[in-house]
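Sequence order for the protein chains is A and B. Counted from 1, the first sequence has number 389 at position 389 by this note's numbering; the numbering is strictly sequential. Counted from 1, the second sequence has number 124 at position 124 by this note's numbering; the numbering is strictly sequential.
Keep in mind that the hints were calculated from the coordinates and are not lab data. Possibly wrong hints are sitting among the right ones.
Claimed, not checked - Taking lysine to aspartate or glutamate pairs in the EDC-like style, the calculated list, with each CA pair at most 16 Å apart, reads:
#, chain 1, residue 1, chain 2, residue 2
1, B, Lys56, A, Asp374
2, B, Lys56, A, Glu298
3, A, Lys153, A, Glu378
4, A, Lys398, A, Glu421
5, A, Lys79, A, Glu325
6, B, Lys58, A, Glu263
7, A, Lys398, A, Glu263
8, B, Lys461, B, Asp382
9, A, Lys82, A, Glu325
10, B, Lys58, A, Glu180
11, A, Lys45, B, Asp177
12, B, Lys390, B, Asp327
13, A, Lys45, B, Asp435
14, A, Lys74, A, Asp118
15, A, Lys45, B, Glu295
16, A, Lys74, A, Glu53
17, B, Lys56, A, Glu325
18, A, Lys79, A, Glu68
19, B, Lys58, A, Glu298
20, B, Lys395, B, Glu378
21, B, Lys58, A, Glu325
22, A, Lys45, B, Asp382
23, A, Lys45, B, Glu378
24, A, Lys393, A, Asp226
Just so you know, these numbers come straight off a predicted model, no measurement behind them.
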Amino acid sequence: MYLCPPSSRYCMPHAASSRHPKLYLSRVICNATSEDKARLGHCTKVPRNVNMESLKNGYLFPEISIREAEHIEKYPHAKLIKLGIGDTTRPIPHVITSAMAQKALALSTDIGYTGYGDEQGNKLLSALELLRFDLASVKDLREVIANVVYKDKGVKWDEVFISDGAQCDISRLQLLLGSEVTIAVQDPTFPAYVDSSIIVGQAGKFQEETGKYQNIVYMRSCPENDFFPDLTTTPQTDVIFFCSPNNPTGTAASRPQLERLVEFAKANGSIIVHDSAYSSYISDESPRSIFEIPGANEVAIEISSFSKFAGFTGVRLGWTVVPKELKYSNGFPVMKDFNRIVCTCFNGASSIAQAGGLACLSADGCQALCRSIDYYHENVDIIVDAFTSLGLKVYGGKNAPYAWVHFPGRSSWEVFDEILERAHVVTVPGAGFGPGGEGYIRVSAFGRRESMLEASRRLKSLLK
Amino acid sequence: MALQNHLPAAISSSSSAFLAPSNLGSSRASNASIPAKKIGVIRCVAAPHEEKTTYKTKVLRNANMAKLQAGYLFPEIARRRAAHMLKYPDAQVISLGIGDTTEPIPDVITSAMAKRSYALSTLEGYSGYGAEQGEKPLRAAIASTFYRDLGIGEEDIFVSDGAKCDISRLQVVFGSDVTMAVQDPSYPAYVDSSVIMGQTGQFQQDIEKYGKIEYMKCTPENGFFPNLSTVARTDIIFFCSPNNPTGSAATREQLTRLVKFAKDNGSIIIYDSAYAMYMSDDNPQSIFEIPGAKEVALETSSFSKYAGFTGVRLGWTVVPKELLFSDGFPVARDFNRIVCTCFNGASNIAQAGGLACLSPEGLSAMREVIGFYKENSEIIMDTFSSLGFKVYGGKNAPYVWVHFPGRSSWDVFGEILEKTHVVTTPGSGFGPAGDGFIRVSAFGHRNNILEACKRFKQLYK
Numbered sequence: 001m002y003l004c005p006p007s008s009r010y011c012m013p014h015a016a017s018s019r020h021p022k023l024y025l026s027r028v029i030c031n032a033t034s035e036d037k038a039r040l041g042h043c044t045k046v047p048r049n050v051n052m053e054s055l056k057n058g059y060l061f062p063e064i065s066i067r068e069a070e071h072i073e074k075y076p077h078a079k080l081i082k083l084g085i086g087d088t089t090r091p092i093p094h095v096i097t098s099a100m101a102q103k104a105l106a107l108s109t110d111i112g113y114t115g116y117g118d119e120q121g122n123k124l125l126s127a128l129e130l131l132r133f134d135l136a137s138v139k140d141l142r143e144v145i146a147n148v149v150y151k152d153k154g155v156k157w158d159e160v161f162i163s164d165g166a167q168c169d170i171s172r173l174q175l176l177l178g179s180e181v182t183i184a185v186q187d188p189t190f191p192a193y194v195d196s197s198i199i200v201g202q203a204g205k206f207q208e209e210t211g212k213y214q215n216i217v218y219m220r221s222c223p224e225n226d227f228f229p230d231l232t233t234t235p236q237t238d239v240i241f242f243c244s245p246n247n248p249t250g251t252a253a254s255r256p257q258l259e260r261l262v263e264f265a266k267a268n269g270s271i272i273v274h275d276s277a278y279s280s281y282i283s284d285e286s287p288r289s290i291f292e293i294p295g296a297n298e299v300a301i302e303i304s305s306f307s308k309f310a311g312f313t314g315v316r317l318g319w320t321v322v323p324k325e326l327k328y329s330n331g332f333p334v335m336k337d338f339n340r341i342v343c344t345c346f347n348g349a350s351s352i353a354q355a356g357g358l359a360c361l362s363a364d365g366c367q368a369l370c371r372s373i374d375y376y377h378e379n380v381d382i383i384v385d386a387f388t389s390l391g392l393k394v395y396g397g398k399n400a401p402y403a404w405v406h407f408p409g410r411s412s413w414e415v416f417d418e419i420l421e422r423a424h425v426v427t428v429p430g431a432g433f434g435p436g437g438e439g440y441i442r443v444s445a446f447g448r449r450e451s452m453l454e455a456s457r458r459l460k461s462l463l464k
Numbered sequence: 001m002a003l004q005n006h007l008p009a010a011i012s013s014s015s016s017a018f019l020a021p022s023n024l025g026s027s028r029a030s031n032a033s034i035p036a037k038k039i040g041v042i043r044c045v046a047a048p049h050e051e052k053t054t055y056k057t058k059v060l061r062n063a064n065m066a067k068l069q070a071g072y073l074f075p076e077i078a079r080r081r082a083a084h085m086l087k088y089p090d091a092q093v094i095s096l097g098i099g100d101t102t103e104p105i106p107d108v109i110t111s112a113m114a115k116r117s118y119a120l121s122t123l124e125g126y127s128g129y130g131a132e133q134g135e136k137p138l139r140a141a142i143a144s145t146f147y148r149d150l151g152i153g154e155e156d157i158f159v160s161d162g163a164k165c166d167i168s169r170l171q172v173v174f175g176s177d178v179t180m181a182v183q184d185p186s187y188p189a190y191v192d193s194s195v196i197m198g199q200t201g202q203f204q205q206d207i208e209k210y211g212k213i214e215y216m217k218c219t220p221e222n223g224f225f226p227n228l229s230t231v232a233r234t235d236i237i238f239f240c241s242p243n244n245p246t247g248s249a250a251t252r253e254q255l256t257r258l259v260k261f262a263k264d265n266g267s268i269i270i271y272d273s274a275y276a277m278y279m280s281d282d283n284p285q286s287i288f289e290i291p292g293a294k295e296v297a298l299e300t301s302s303f304s305k306y307a308g309f310t311g312v313r314l315g316w317t318v319v320p321k322e323l324l325f326s327d328g329f330p331v332a333r334d335f336n337r338i339v340c341t342c343f344n345g346a347s348n349i350a351q352a353g354g355l356a357c358l359s360p361e362g363l364s365a366m367r368e369v370i371g372f373y374k375e376n377s378e379i380i381m382d383t384f385s386s387l388g389f390k391v392y393g394g395k396n397a398p399y400v401w402v403h404f405p406g407r408s409s410w411d412v413f414g415e416i417l418e419k420t421h422v423v424t425t426p427g428s429g430f431g432p433a434g435d436g437f438i439r440v441s442a443f444g445h446r447n448n449i450l451e452a453c454k455r456f457k458q459l460y461k
């Protein structure tokens, strides 16, 4: 159903069926021979972007979707359990969806209609909103994020840029930074940092032997270093992407570790891009924001998202904080250029999603969302227990909705295949997150309790 | 209970802080002050007199950003409007500048969005990540509504959060080594995104153009269609019809020539059809009405100006299977890769709205609102014509392009703002050939449009 017709060499993005929304077969060979060209008809004279050619495969998560779909075709009666792509499953609390519904309905009224919002996040209010709230107490989402999420951390409302999600912001940040900067990433890491770096032209050539891109510094994160890179051996780069709690390893950096990171960035004149999308999963004293570290406002940008906090994976809402104090080498504030990008390449997050975001950060909203986060935490405990009981070393889980399971000496794609084939459970092979992920599997805790318990049963029986 | 542990640190003590009035300071007292807008205005040079204690990273500023001359055009207009409102707090400022829709969204559309919102609270109705390319029913509806019988299928449609965002994503697909042509004047996002991508040279103050961009002059003398025989070959050609800002719509004959030009040159047309539904004349509403266009063009469009979705955020781009790079690689595959990596789909609630827009009732409701704005256009056109101005556009687009021969468009903008308290957009903001023109947008409540026209008549009688 999703495979290319045999005569077509090139697979086009196919319409998604409602059961398999993320299909795109990307493994077809990319180079046309002259015979192909003759068959294909007119080719423009526009050269393909060499950066796109550098991408080795499709993006990781659509690839996982493809494998899921293939598996379902092969085993239509197997009850596939999806612990792969980190897609939230719990319904969004009513207090939040009703705020969004109210906003939608208000758009049908003269008094409630709003058009373009500020690209940075809604500040212009409808006449209805002005009437309903005392002006002095009206807060838009930027202010609420600054005052609530970053209370006492010195972040101001105009340093907060609302977006349609962290994945989009990562690319906008790359556009901002341009092709000439060097980057460092954790290894393993969320693939969007590396892929966007390649696309923008920073990454240099791919080296088959190492599985790494030439110009990228990969900061090994493994049990031996407590999943925090050895900064004494890390070369200087302009930008350091750092995700904590980490996707995929689930580890949250400690305060002393983040202090070392900030110090490292300061000593090297680098900019940290700190991804705090999972901060609401922290259950110990680990910092929830890089801005808890003194001096971070001079060296760091922070990105975050409502996706995993509020189940907004489909609603699309996130934010980026760019402090005023963050400056390029010539003294120019990074924030001004990011603002320019946001105004030129973007047009704001959906006003309805933003209304939802406000409700998320209300007392009622937070409380309701915490129940979902608790639920996922209980899920991850079940997963962690299952693997631990099999004698496997398991990491993460405590501060993130992911379990990072070690299969020493094994190829992670092989383990992925084995678990899929024989237990009908989808996971994500660690190698998809970088060479440092080899030998690990990421298991996500988003799903129904019954699915977790069933997956746990199957895994125990498969791997015992 | 573990609840406390999971709250973002601040929340537990903040609920009262959230709901209580805050000390926002006097700058908030006047709702004319929009501090956020000021950011876009500051000139793009570093202040030489930094305090000695200010820390600077060692990261070089992206040279492409430094090429940009000023803020993006529309935040500039907003800033001027805000400054004007501060200066004249009692003036009834009328905004015919930024093309922002003003009329409420029809019920059939918003109720679908409300319904989808509520559904997200239910087990059966909850959906997480959607397909990055868009929900299948919406893609199918777009294909059948706008591209029926044109050989475009749902699989060629990529749903987005709007044309402006798609323009930048397309630039990322093509990269920094392509050359591009734009109409002059044109929607500023094409040029600005090109500068950001590194496709252009420096801005040349004397001619007000960026190096390496081919500017295709569109003026009354050439009927707002470029003289293609004088246009140099470029890889990409941006073409917007009905046009923002001139309001002009290209004819079938003209577009046939454009497609041939692109084919002969091996170029790719990026066709912006965001205003197609405003067309009154019998001009093509899609580039794909032209035979052969699928091999040379992709098309971007938006629900913004059809459904009042400027804040809701929904659009689409069509990339035909037949559109190939020089090595035969399909452009759609690379666009798909960008969409999957640099984007994560349009909001599911907005998409539910989009689907309702394309129902028979939704289409009918949208046409009614479009008709309303078109009436506004007529009123504005009549006003300026009656004052003896040469007026263009208006008929096929919600913009009226008024000629002020020999005058600087920023001066005219300033004069109109100062003397009538009406915000317009100066033509030179859209390119050097826009100088001498003012763009008046037709989005507004009827009483505001009438009042604005009354004031224009007083000023220019």
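The hints, checked one at a time:
{"no.": "1", "hint": "Lys56/B <-> Asp374/A", "in the structure": "violated, 41 Å"}
{"no.": "2", "hint": "Lys56/B <-> Glu298/A", "in the structure": "holds, 8 Å"}
{"no.": "3", "hint": "Lys153/A <-> Glu378/A", "in the structure": "violated, 30 Å"}
{"no.": "4", "hint": "Lys398/A <-> Glu421/A", "in the structure": "violated, 28 Å"}
{"no.": "5", "hint": "Lys79/A <-> Glu325/A", "in the structure": "violated, 53 Å"}
{"no.": "6", "hint": "Lys58/B <-> Glu263/A", "in the structure": "holds, 14 Å"}
{"no.": "7", "hint": "Lys398/A <-> Glu263/A", "in the structure": "violated, 27 Å"}
{"no.": "8", "hint": "Lys461/B <-> Asp382/B", "in the structure": "holds, 14 Å"}
{"no.": "9", "hint": "Lys82/A <-> Glu325/A", "in the structure": "violated, 43 Å"}
{"no.": "10", "hint": "Lys58/B <-> Glu180/A", "in the structure": "holds, 13 Å"}
{"no.": "11", "hint": "Lys45/A <-> Asp177/B", "in the structure": "holds, 13 Å"}
{"no.": "12", "hint": "Lys390/B <-> Asp327/B", "in the structure": "violated, 48 Å"}
{"no.": "13", "hint": "Lys45/A <-> Asp435/B", "in the structure": "violated, 34 Å"}
{"no.": "14", "hint": "Lys74/A <-> Asp118/A", "in the structure": "violated, 49 Å"}
{"no.": "15", "hint": "Lys45/A <-> Glu295/B", "in the structure": "holds, 11 Å"}
{"no.": "16", "hint": "Lys74/A <-> Glu53/A", "in the structure": "violated, 32 Å"}
{"no.": "17", "hint": "Lys56/B <-> Glu325/A", "in the structure": "holds, 8 Å"}
{"no.": "18", "hint": "Lys79/A <-> Glu68/A", "in the structure": "holds, 12 Å"}
{"no.": "19", "hint": "Lys58/B <-> Glu298/A", "in the structure": "holds, 12 Å"}
{"no.": "20", "hint": "Lys395/B <-> Glu378/B", "in the structure": "holds, 7 Å"}
{"no.": "21", "hint": "Lys58/B <-> Glu325/A", "in the structure": "holds, 14 Å"}
{"no.": "22", "hint": "Lys45/A <-> Asp382/B", "in the structure": "violated, 46 Å"}
{"no.": "23", "hint": "Lys45/A <-> Glu378/B", "in the structure": "violated, 43 Å"}
{"no.": "24", "hint": "Lys393/A <-> Asp226/A", "in the structure": "holds, 13 Å"}
Violation of the numbered hints given earlier is confined to hints 1, 3, 4, 5, 7, 9, 12, 13, 14, 16, 22, 23; the remaining hints are satisfied by the structure.
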